[in-house]
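Colleague: Sequence:
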Amino acid sequence: MTDSLVPHRPDATPAVHDAATLAVLDAMDKAAKKHLDAIRPQNTKRSYENDWNLWTEFHDWLAERTGHRLALTDITKGTLVGFVVWLDTIKLAAPTSIDRRITGVTVTARREHGVEVPKDATVAARQALKPLKNDEDRIARGRGAAKAATPDQLRQMAAAIPDNLTGIRDRALWLMAFFIAGRSAEVAAIRVEGVTLHSEGLKVRVPGVKGRPAREVVVMYGKDPDLCPVRAWLTWKTASGITTGAAFRAIDVWGNIADRHLTAETVRQVIARNAERAGVAVRLTGHSMRAGFITASRRAGKREEKIREQSGHSEGSPVFWRYIREADKWTDAASEDIL
Numbered sequence: 001m002t003d004s005l006v007p008h009r010p011d012a013t014p015a016v017h018d019a020a021t022l023a024v025l026d027a028m029d030k031a032a033k034k035h036l037d038a039i040r041p042q043n044t045k046r047s048y049e050n051d052w053n054l055w056t057e058f059h060d061w062l063a064e065r066t067g068h069r070l071a072l073t074d075i076t077k078g079t080l081v082g083f084v085v086w087l088d089t090i091k092l093a094a095p096t097s098i099d100r101r102i103t104g105v106t107v108t109a110r111r112e113h114g115v116e117v118p119k120d121a122t123v124a125a126r127q128a129l130k131p132l133k134n135d136e137d138r139i140a141r142g143r144g145a146a147k148a149a150t151p152d153q154l155r156q157m158a159a160a161i162p163d164n165l166t167g168i169r170d171r172a173l174w175l176m177a178f179f180i181a182g183r184s185a186e187v188a189a190i191r192v193e194g195v196t197l198h199s200e201g202l203k204v205r206v207p208g209v210k211g212r213p214a215r216e217v218v219v220m221y222g223k224d225p226d227l228c229p230v231r232a233w234l235t236w237k238t239a240s241g242i243t244t245g246a247a248f249r250a251i252d253v254w255g256n257i258a259d260r261h262l263t264a265e266t267v268r269q270v271i272a273r274n275a276e277r278a279g280v281a282v283r284l285t286g287h288s289m290r291a292g293f294i295t296a297s298r299r300a301g302k303r304e305e306k307i308r309e310q311s312g313h314s315e316g317s318p319v320f321w322r323y324i325r326e327a328d329k330w331t332d333a334a335s336e337d338i339l
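For what it's worth, my numbering labels the leading residue of the sequence shown as 1, then goes sequentially.
A hint or two may mislead.
Below, in silico cross-link-like pairs of lysine to any residue (SDA-like), each with a Cα-Cα straight-line distance of 20 angstroms or less [to be verified]: (1) Lys302 to Val218; (2) Lys223 to Pro151; (3) Lys130 to Leu92; (4) Lys223 to Lys130; (5) Lys147 to Ala250.
Hints are computed from structural coordinates only; laboratory data are not their basis.
Starting from the given sequences, assemble the full structure and let the hints guide the process.
Modeller: This is the structure in structure tokens:
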């Protein structure tokens, strides 16, 4: 231990808990803090500084709405949960980022301001964060905006599908994901009994997952046979012989079909693998099908409420409106025909 970490102490050995002992312990604590600050990586310091800056910005936002400014050190259950909600709904932060911000604020409060954040405040904040970590729309924020799959990319994928049972399943899976605007977990949970054939197409019961309500959507026949979700589904159902239970299942190298659902992660991998095989220039993920449907449907002139019925987005969803704005960008553009 360096001399800078060893404060001077009296020659006489002090009694436990007397004033001299407390002074030495206090000096050691301060020396330890100084040492830890010196060895802490610069990136960590910058991250904590950014977290505290966001905490300050949240208080500015809060003061505008309440007409009263709270002290930055007033870190309570209410203010910390409010910070989580603000980061989610105003800043559109990814859940992993919000988690780090909670840590950054509590650590900075303790180290820089001498305030120990109550445990019930951090527990409440992470309770508020927990459902956000299960929301695929929010998770996608952390990876950057998902690339929306386009009709041309779907045609590329269809042209590259292998002529075997796995290829038949894969086409049915990603076309289903696209046309129900489904999250990967929803696609994984679809049951055969939840897909019924009608003269116009399919009725699909999209299961409720991770606390979301189930919804029923309609999937119409497509004009292009290679991209028709109804024909793809019926071909898979016939080829697999599945009549009940999990709609999409694992297939081994010998062509044996498992009796259990695929996982959400496997659904994402199937989509990414098919896009890569087809030479799609951008990396498509499970969320790309959901984003792609919303974008393509809007560009085809479909009404917002109809699109939301299919995707299950709430009316005020920031993610939904971001997709709508992106789809509308070239429609009646401000720069069109002005010169």
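Colleague: Could you run down the list of hints and mark each one as holding or not?
Modeller: Going through the hints against the structure:
Taken as a hint, the lysine 302 and valine 218 pair is honoured in the structure, with Cα atoms around 14 angstroms apart against an allowance of 20 angstroms. Pair hint lysine 223 plus proline 151 holds up; C-alpha atoms about 12 angstroms apart against a cutoff of 20 angstroms. A distance of roughly 16 angstroms separates the Cα atoms of lysine 130 and leucine 92; the hinted pair therefore holds under the 20 angstroms criterion. As the CA atoms of lysine 223 and lysine 130 are separated by approximately 42 angstroms, the hinted pair breaks the 20 angstroms bound.
Distance restraint check for lysine 147 and alanine 250: the Cα-Cα separation of roughly 26 angstroms exceeds the 20 angstroms cut-off, and the hinted pair is therefore not satisfied.
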